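**Q** Sequence:
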Amino acid sequence: MTQPSVILATASYDHTIRFWEAKSGRCYRTIQYPDSQVNRLEITPDKHYLAAAGNPHIRLFDINSSSPQPVMSYDSHTNNVMAVGFQCDGKWMYSGSEDGTVKIWDLRAPGCQREYESRGAVNTVVLHPNQVMTYHVNFTISLW
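Residue 40 in the numbering used here sits at position 40 of the sequence shown, with consecutive numbering throughout.
No wet-lab data here; the hints were simulated from the structure.
Hints are not guaranteed to be accurate.
Pair by pair, the computed Cβ-Cβ distance ranges are [stated by the list, open to error]:
#1 Lys91 / Thr124: 35 to 45 angstroms
#2 Pro4 / Lys91: 37 to 47 angstroms
#3 Lys23 / Glu115: 33 to 43 angstroms
#4 Gln113 / Asp35: 15 to 25 angstroms
Below, a list of computed lysine-lysine pairs in the DSBU-like style, where the Cα atoms sit at most 35 angstroms apart [claimed, not checked]:
#5 Lys91 / Lys23
#6 Lys47 / Lys23
#7 Lys91 / Lys47
None of the values given here were measured: they were computed from a predicted structure.
Even glycine gets a Cβ: it sits at the ideal position worked out from N, Cα and C.
Using the sequences and the accompanying hints, generate a full structural model.
**A** See below:
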């Protein structure tokens, strides 16, 4: 089956990720995610991969593949991953977790490339060209 030109990806605490054809509203692919609930989804800028943030890991899936298996796993968080995103050229992924850390990942190399420790659980991470901004469960914003 040909991938639709506009897709919507959803996930929930039912341990599934679903891909929808935006125009018709038809679900055309379901991936079981048995490890944990899914807290956040993000699609890479080139639209080739979907990052799914769970507890305590991130799984990267190939959007164009029919395989239910992730192409890569990122496992260095120790609690729920609540934030995930990509730098605009897609070379870097960032994540934030209830373990109080923000991690920067190079998608071209295995492992975490940089880690920031915060004073509380991280709910949101935004990447600016030269700064990382985080929002924490204790209602604080940090600039790194």
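**Q** So which of the earlier hints does this model not fit?
**A** 1, 2
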